[in-house]
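Asker: Work from the hints to combine the two standalone chains into their complex.
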Amino acid sequence: MIKKTLLILLPIFLFGQSNFFGYYEGEFDQLKFANQTYNYGYNKLRLDFEAHPDDVVTIGANINIQKYFDNTMWNLLDFLPTDIWQPIFQPEDFPEEMWITEFPIALSDTLFLDNVYLKAGFKHFDLTVGKQQISLGTGYAWNPTDIFNTKQLLDPTYEQTGVNAIRAEIPLKGRTNLDVILSPGKDWKESVKMLQLKTGLGRFDMQGTIGQYTWQRTQFNPTTFSIDEQNNLRTLYGGSIVGELAGAGLWIEGAFNKMENIADFSEIIFGTDYTFKNGLYIIMEYLRNENGVSSKENLDINNYLRYFMGETHSLMQDYLFGFLSYPLNDFIQFGLLGFRNLNDNSAALNPQISWNLFQDVDLTMVYSHFIGDDNTEFGVQDWGWRIRLRGYF
Amino acid sequence: MKKILAIILSIATVIIAQQAIPTGIELVEKMSELMTQENSTAIMTQTITTSSGKQRTFEFEMFTANEGEKTLMRYLKPSAARGQAFLMLNNADDIWTYFPRTKRVRKLSSSSKNQKVQGSDFSFEDMGSGDSWKTEYNSTNLGSEKYNGTDCWKLESIGIPDENPSYPKMEVYMRKVDFYPIKIDYFDENDFVEKTMLMSDIQEVEEVPTAMQMTMKNHLEGTETTMQTISITYSWEPPENFFTERELKK
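These protein sequence lines are chains A and B, in that order.
Here the first sequence is numbered in our numbering, starting from 111 and rising by one per residue.
Here the second sequence is numbered in our numbering, starting from 183 and rising by one per residue.
Chain B on its own, in the form it takes in the complex (with noise of 0.2 Å):
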């Protein structure tokens, strides 16, 4: 009798233990919650340090919807940059941009999409690529581990061929506590980590976990750039029509 309690209590335990371990698709839209609200607006800059330690700052206005489907950029600062703006629809499938200097609207091909932002280190993809992470991948939960102390669930999203995913891989470290994730390796075709972004100073903004500075570090080309938020809303409703060329162009 003894032995039987034993058995259906360890089985038990293993069916709890394991009710208790988020699948990588749970982790996915936990992370995805929190990381793509509604809507937001946030006032940014931008500091690319290259590898011989030369920095340039840039100042943006950044407007998202649709939890992050649709997405526009203008750029404040500095002088040469200041009104070239990013209209970035269906997850930056589909890329305007707009020259202030010559008026002009240019519609990008989805060739540039991994490229680099103003030669930041940040693609057009991370800046505007709302829920790809859910399209685009398939995701396991690599288990527990700790990074810099802090107990998180390892992610590993593997790109789905088919639907052309920037990164062939990605690892995410994710905080257990609120499932907010702070570090993402990206992996090149030969398994390498080509990049990877730190989240830091998170604070809730609206009772939504917000990491006030994203650092992304190109391995490759040993230059990093830091994204610091300078104010941040996520109760702004977009008015009609606001992702379009008329507000890319104002």
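Bound-form chain A, shown alone (with noise of 0.2 Å):
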């Protein structure tokens, strides 16, 4: 599939204007958790073109090899508070004999087309057709009305995968903008079709968000320990104000989920920003999801498993994020970042350092501090550190 694709850019390169750039990653990390340390780690190459065959087109693409080394087999139960798995996979009335201990996960090289798109200017509007990433929301650690990507917690600012669409950006006067978004499915149905009006009052940044599609739900089935997926219609009405008061930045992001087969359910975040005269800067968000669970007592596989599939942005209903960011120097930059599940009380402190150590050499080490009791989300687990280097090309 790459060759193919490979092949048939491969004259647009050649003789439209064309640029290569992209970069090298490579991270370790240790984590400890159920008494245990593991080690694991990758080393990743993004390789993205970007030819201009006319003024007005762009053609991209990127792929994406990733390597992982250590430890690439993972067991997901050590991941679940035993209460949780423990009734599943080693029911009491079963003889030992029978019981499952593990429920591997591996972490499998890839080599695949992250992005291929091509994107067309208009008079009146652009339009991009192709694999291409789509980040919708205002909010820094979640956005509700973004229902193509979950972030990770530890590290919201990173590049997220394409999605397969015809996106037209239509700008209509002064500020506001029409985004219109197909992103084709096996049906109609299915197909994700997204509808978002975006304009500007004053200081402030408005956005009001409609879209349709069939949202699979993993489910699975105790009795033959496999994973299902049950096919809901979703129906998302959200919005986000962006704005600032007395120099700090305040934000609002939200969406009404109306559902077809289960109950419906809203999301919303609200954060703040400010910059501190000496460089020092502070976010904070607070998530309120009624698509997690309110209290652990409630959980169950099910909420896990959509949680580590990407289908919730959260597994319980209340979290607080929060980072903080000093400069040490012009090219040393010392982070802190806190998240914190406020309905089983669990939570992550991660002090970190950024070294920007030759022009385009960027080194992140980060410890991460886990709080709360074992059968908590961040108390299963007990301390990490990464290291993680990056050198753009």
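By construction, these hints were calculated from the structure, which means they are not laboratory data.
Okay, derived cross-link-like pairs now, SDA-like style, lysine to any residue, Cα gap no bigger than 25 Å in a straight line:
(1) 289(B) to 388(A)
(2) 285(B) to 173(A)
(3) 236(B) to 435(A)
(4) 387(A) to 371(B)
(5) 285(B) to 259(A)
(6) 431(B) to 469(A)
(7) 283(A) to 287(B)
(8) 241(A) to 166(A)
(9) 289(B) to 391(A)
(10) 299(A) to 349(A)
(11) 283(A) to 281(B)
(12) 285(B) to 282(A)
(13) 298(B) to 461(A)
So these bits of chain A aren't anywhere near chain B, every CB distance computed over 12 Å:
(14) 149
(15) 150
(16) 173
(17) 408
(18) 415
(19) 446
Built from N, CA and C at the ideal position, the CB exists for glycine as well.
Answerer: See the structure below:
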């Protein structure tokens, strides 16, 4: 598939005005949980192509090659509280020989075409066709209006995977824009249809979103020990407002989700940020997600699976996220990132150093300290640290 | 009779002399006329030098309109910053930034106005403040002074607290010959010179004196940033709806 695509794109890259860029990223992690320490990591090469066969036409593509090392086989059950998985995998009325102790998940090396698209600028609108990154919403850690992506709390600004879509961005008047997105599925009902109207009023930016698609929800089958999918027609009515008060940035982003077969739910975030004159930057966000579970007693394996599969923005309902950064000098930045599950009172504190070693080389070091009981979302882990080296070209 | 003539003559001399000394407002007007052309587009490099002598060089394109009230800047180099862009409207009161890696646009709060752009010694307000000099400061001509052998007017601009100026005080040395500023001192709350901007290699570009090199020295941190103009034109006409999110994301 990649070979074929490259063969088609080759003449454009050869004869059009084209650029090649990207980065190498190496990461090493160590994580302690369930009384064991695990080492893991990866080497990644992202290779971007961009060609301009015409002034108003851009053809873009990127290939991601990622090779994992050290611990590449994980046991999902290690990440779940015992009282969640034990009744299913080791029921008391079963003989011990029949108990299941592992639910393996492998980190496989990947080589894939993450994005490949054509963007054409017409007089009254821009049209992008193909596999493209679509990032919606104004929130930093969570985006209730973004049905395409789920962010990692430890790294909310990491790039997202491409989505097959046709997107028309239509500027209307002044700061008003209409965004039309169609991401084709097996049929019209399964396809994502989305309209987003953005406008600005004084110091405020506003956005209204309406979208509909068939949401495939993961459902664990305890009889066959397999993962099934449940189809639910989801209609999203969302919006956001970004503004400021006394120099502090303020934003709200929310969505009401009308569901066909399951209970409707709402999701909302409130955020604020401020930059002090000495360069200290602080950002905070609160998430309320009715699609999550209100107390840890009500959690089941499906809630975990849906969260791990990126189908929901959070495992439980109420979260707080905070990040502060302070420049130690022109090239070294100290950061402290924290998040807390307000329902089970578990939390994670992640002090970090970002160091611009050379012109195009960044080194990031993060230590994670997890707080909470063993049967809580973050407390199930003890500690971890990460070193990431990224070199752009 | 001679005495009367002498008095009249000296009064006239004083009046003529007074008329020849421009007021602070006049100096700001003349400086703004030169510095904030209706529209412009330029490609520039930005070299940051730290106190330890390490350097980072960026290259960006910059578009301004409406006498600097609207600014769009987009980084071309190095690879790590490539495609990152800033849109500044209303003299940098409203700032949006675009991150090409995540394809996201974020609105920055006004508290970030005086923060460093890409770690340089230039703040967002330094880059996109347009005519804030006229609206946010009261200016006085402190008289003649020589700077580096050049006859200059020395202008003092005191920030109007209600207008939320970026600096409490600025002092400008501008050439008498054409009112072009060649040195600007930026003061902090303790009346200490926080930063100094030096304009050099001043060339006529489309009949407009233009500093091809601007160096901002940060006295508090011991760093400096030099902006070198590679190309510039004032005859650029912005297409309709150029200073919008659509262009920011290109």
